[in-house]
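Residue numbers (the numbering used here), protein chains in the order written: chain A, 38 to 545; chain B, 2 to 399.
In short, the hints are calculated from the structure, not lab data. Quick reminder that beta carbons are idealized off the backbone N, C-alpha and C, glycines included. There may be inaccurate statements among the hints.
Claimed, not checked - Using C-beta positions, here's what the derived DEER-type ranges look like:
#1 118/B / 76/A: 22 to 28 Å
#2 90/A / 217/B: 56 to 62 Å
#3 29/B / 162/A: 33 to 39 Å
#4 87/A / 374/B: 24 to 30 Å
As the list claims (entries may be wrong) - Keeping only pairs whose Cα atoms sit at most 20 Å apart, straight-line, the calculated DMTMM-like set for lysine to aspartate or glutamate is:
#5 79/A / 155/A
#6 366/B / 110/A
#7 374/B / 197/A
#8 374/B / 237/A
#9 216/B / 155/A
#10 253/A / 110/A
#11 221/B / 237/A
#12 221/B / 398/A
#13 79/A / 110/A
#14 80/B / 76/A
#15 212/B / 392/A
#16 523/A / 506/A
#17 80/B / 528/A
#18 350/B / 412/A
#19 366/B / 86/A
#20 401/A / 227/B
#21 366/B / 537/A
#22 115/B / 202/A
#23 350/B / 197/A
#24 160/A / 234/A
#25 212/B / 398/A
#26 363/A / 310/A
#27 366/B / 522/A
#28 160/A / 197/A
#29 334/B / 208/B
#30 374/B / 110/A
#31 297/B / 130/B
#32 94/A / 110/A
#33 221/B / 354/A
#34 216/B / 398/A
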Amino acid sequence: MAQSVVVQVGQCGNQIGCCFWDLALREHASVNKKGIYDDALKNFFRNVDTRGTGISKGRICSLKARAVLIDMEEGVVNEILQGPLKDVFDSKQLITNVSGSGNNWAVGYKVFGSQYRDQIVEKLRQTAEHCDCLQCFFLIHSMGGGTGSGLGTFILNVLEDEFPEVYRFVTSVFPSGEDDVITSPYNSVLAMKELNEHADCVLPIENESLFDIVSKINQMINSGKPGTTVKQQSLVTLNEGGIKKKLDEKPFDKMNNIVANLLLNLTSSSRFEGSLNMDLNEISMNLVPFPQLHYLVSSLTPLYTLADVNIPPRRLDQMFSDAFSKDYQLIQADPKHSLYLACALLVRGNVQISDIRRNIERLKSSLHFVSWNQEGWKTSLCSVPPVGHSHSLLALANNTCVKPTFMELKNRFLRLYKKKACVFDITSFMERNLSVRSLLKFLSFLVCQAALWESLAHLHHYLQVDRMEDSCFTEAVSSLSSLIEKYNELDVTKGLPIHEQVRLNIVI
Amino acid sequence: MSVVTVQLGQCGNQIGYEVFDTMCRDLHNTQGFCSKRENEIYQASCKEHFFNEDKSEVPVARALLIDMEPKVISQTLLKAAHSGRWKYGQHSHFCQRQGSGNNWAYGYSVHGPKHEESIMNLIQREVEEYDSLSGFSIIMSMAGGTGSGLGAFLTQNLRDAYPNSFIMNQVIWPYGTGEVIVQNYNSVLTLSHLYRSSDALLVHENDVVHKICAKLMNIKQISFRDVNQVIAHQLGSVFQPTYSSEDSFQYRRNPLGIDWQVRPPLSGLPALEKVSPNKELRFNTSIANLLILRGKDVHSADTGGFKDPALYTSWLQPSDAFCEWRTHRAFNKYEKSAALVSNSQFLLKPLDTIVGKAWNMFASKAYVHQYTKFGIEEEDFLDSFTVLEQIVASYCNL
Chain A
38 MAQSVVVQVG QCGNQIGCCF WDLALREHAS VNKKGIYDDA LKNFFRNVDT RGTGISKGRI
98 CSLKARAVLI DMEEGVVNEI LQGPLKDVFD SKQLITNVSG SGNNWAVGYK VFGSQYRDQI
158 VEKLRQTAEH CDCLQCFFLI HSMGGGTGSG LGTFILNVLE DEFPEVYRFV TSVFPSGEDD
218 VITSPYNSVL AMKELNEHAD CVLPIENESL FDIVSKINQM INSGKPGTTV KQQSLVTLNE
278 GGIKKKLDEK PFDKMNNIVA NLLLNLTSSS RFEGSLNMDL NEISMNLVPF PQLHYLVSSL
338 TPLYTLADVN IPPRRLDQMF SDAFSKDYQL IQADPKHSLY LACALLVRGN VQISDIRRNI
398 ERLKSSLHFV SWNQEGWKTS LCSVPPVGHS HSLLALANNT CVKPTFMELK NRFLRLYKKK
458 ACVFDITSFM ERNLSVRSLL KFLSFLVCQA ALWESLAHLH HYLQVDRMED SCFTEAVSSL
518 SSLIEKYNEL DVTKGLPIHE QVRLNIVI
Chain B
2 MSVVTVQLGQ CGNQIGYEVF DTMCRDLHNT QGFCSKRENE IYQASCKEHF FNEDKSEVPV
62 ARALLIDMEP KVISQTLLKA AHSGRWKYGQ HSHFCQRQGS GNNWAYGYSV HGPKHEESIM
122 NLIQREVEEY DSLSGFSIIM SMAGGTGSGL GAFLTQNLRD AYPNSFIMNQ VIWPYGTGEV
182 IVQNYNSVLT LSHLYRSSDA LLVHENDVVH KICAKLMNIK QISFRDVNQV IAHQLGSVFQ
242 PTYSSEDSFQ YRRNPLGIDW QVRPPLSGLP ALEKVSPNKE LRFNTSIANL LILRGKDVHS
302 ADTGGFKDPA LYTSWLQPSD AFCEWRTHRA FNKYEKSAAL VSNSQFLLKP LDTIVGKAWN
362 MFASKAYVHQ YTKFGIEEED FLDSFTVLEQ IVASYCNL
């Protein structure tokens, strides 16, 4: 059985990562009743004895996560190490600093990248050496800040250089429009260039979508309608620990848990048995038709299970319908009204092939698939359901509905970046003789300039970093533009009549 | 004469298990609807072909389990051992840690050469145990990476290593919609390669078997287990012992052996026109049919309808194209059962559909980079398409 290593970078990455490990342990605990260190556990955990030496078989002694935790501030990692999961992590798997990256991609990538490269490579190697067959790295980070974004994508490069054969799956949290970090568009676009070039597969996540899902669940729970008590364990937002329990649970905890569930469901078919297994290398094979188009939109259902056994369980088919609804997607997107390049359905629990086929037949007609992949479905059946549910579905779609997210990102970037060009006009203005009207015009111009000077200052913070130049910005936005263009080209084909390609002519 | 079954990939191993389980149940069936003596001969013949006897007297399946990742093989070995009725050999499996990722190129060009020696040694050790070898029955799917890619590679190797042995592939045809997105590429590559090395491809279509489960067996929630059990029943009814000729009292020595090769006459062929596969035809024209009857009143069954010339192509006499085997002993508790193995235009439409879809996808070059990464170039695709178009055309013109 192959193993996977999780690399969690920055505040967001580590918080999500922590939720993931907590959930993974609970999932395995509910399945593995005999306490034997089996192949399923081996995927994400090492088994070590009291001296820290690895044990490959037999009873579970002490489980250690196959993880590397990196942050340029200490806060989050320290919380993890003081919380209920402290024994799951090895002190040798951490890299921390105190100063933070100041929400600056250039600091994360160029400064900390070169400073910590050797340490990073060493920790990764150590973790890899504990695996007898390393299949995949899961990188978890956010795009809007400095560490997750900058150092995170630097590490992505390192993974490609040092472990070229190992898959790189990246879970990226994109900033929302109201993000309070002004420079998040710069950080995100600079990071996206790296994702375009060095990731095998990216699962973009938007906080707005996670927030909406959490609100939906809260509404359900608090509705007070009879029979709406929810099985606590089954909540996709449940967070029991991982990080030291706080009296006031932050909304981020619930949101992070959704992402943790995503990762758990993604890997379920490679950890547990089923009638149609799906390994991680099959995800890339089936869902990435062209190397650059490797962004997958995900949706998870059900979000909860009702506790009242007298109420008939929501029909299985409802689960499939929900997976395609825009309310369940983890980014702000509507796949139903865009073009599918490919779609994968990862089903867990008591579901059979006939259920999947019936639902595909039913939903097919309302979805648009690209002309050369009219039946672009990949399915997998894992017998083990997630904790608290009898069945669940994770849908992964390669769909042009990611385009609006990318376009919005590009627009925010350009709004910020283009301002710097206007500033230089002020000098020529100043030299002329000014009439009252011109003076008023000039004053209003100055007021605008104040805001613009501020944005120029932000750019200055990036450009003052060693080896960071204007071209980094222009190349990054150009990379994003060409990606958007590829989606445009595909979108244009949507709804056009399909022409059968002329077949080879054979002479017998 | 023994048959060595090679179970490849998840599909091959899951089905292989059901086949041996079915045959074993049938073996121990006392409801044979025949004399005790007859039953004993049947049992001995079945065991000779498909099982070894070991010290514990639990029959050991003459099978090799091969997969590139361990989950399915572990499950299969366990299930067989738990049944108590039969088991797999202790050293009859080969597996690795990481699967082929649904990538034919990975199965064929990476796993194949890498594990060639180990797998061929395993097979050779198995073959050496037997006095005489009927041939190989390789169970594999076309849609995935291991069964399809490694299966094609292995079949080629077996052909080279055992040039005089009979090689038959049980090929599982995937559902038309969505098991694997690149299933059409994998299928085209598999079939074109198998065509060059295999003697016979016995095809099982998931869509067809699914319909059987739904309409004939009325199963509500059909699982892969249900589908696999139907396929196992079909294979069992073909492979279990049969009499070699109508009045012989001996079971045929080689369960796989009839002359599956049909060569069209070299001269005197009518002028060939390209016939569209969608043209309305009364029957799918056959070039060979094998009818296997088992159970009560088997000798009085009237099979005249199968000898109707309308079923066959114009350059074949029904007497040459049609073959029947009748056996008293009932199969799998069915008082009367019949199986038909047919080499006809029945598969023309599904094959044409798969080639069409694969070609459509190939025209846009989608997913091709995943194959070129492991050494399967666009030319290899074109060669495969050419082979299959020739096959489609040949069947079309029957």
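Is residue 212/B within 20 Å of residue 392/A, Cα to Cα?
-> Roughly 14 Å separates the two Cα atoms, so the pair holds.
- Hint check for residue 162/A and residue 29/B - Cβ pair distance inside 33 to 39 Å: violated (56 Å)
Q: May I ask you to test the hint 56 to 62 Å on the CB atoms belonging to residue 90/A and residue 217/B?
A: About 58 Å separates the Cβ atoms of residue 90/A and residue 217/B, which means 56 to 62 Å holds.
Q. Regarding the pair residue 221/B and residue 354/A, is the alpha-carbon distance no greater than 20 Å?
A. This hinted pair holds, its Cα atoms lying about 15 Å apart.
- Item | Proposed proximity, residue 202/A with residue 115/B (alpha carbon, max 20 Å) | holds (16 Å)
**Prompt:** Going straight from one Cα to the other, do residue 79/A and residue 110/A come out at no more than 20 Å?
**Reply:** violated (30 Å)
Taking 24 to 30 Å as the stated bounds, is the beta-carbon spacing between residue 87/A and residue 374/B within them? violated (44 Å)
Next on the checklist: Hint check: residue 366/B vs residue 537/A, CA-CA at most 20 Å. Holds or violated?
Outcome noted: Given that 20 Å is the threshold and the Cα spacing comes to 15 Å, the pair holds.
Exercise. Would you mind confirming whether the straight-line C-alpha gap from residue 80/B to residue 76/A stays at or under 20 Å?
Key: holds (18 Å)
(request) Mind checking the alpha carbons of residue 212/B and residue 398/A for me, to see if they're no more than 20 Å apart? (result) Holds. Residue 212/B to residue 398/A sits at ~15 Å (cutoff 20 Å).
Point to revise | Pair hint residue 160/A and residue 234/A, alpha-carbon separation not exceeding 20 Å | key: Answer violated: residue 160/A to residue 234/A is near 24 Å, above 20 Å.
Worksheet item: For the pair supplied as a hint, residue 350/B and residue 412/A, is the alpha-carbon distance within the 20 Å limit?
Response: holds (17 Å)
Comparing the model with each numbered hint stated earlier shows that hints 3, 4, 5, 6, 9, 10, 11, 13, 16, 17, 19, 20, 23, 24, 26, 29, 30, 31, 32 do not hold.
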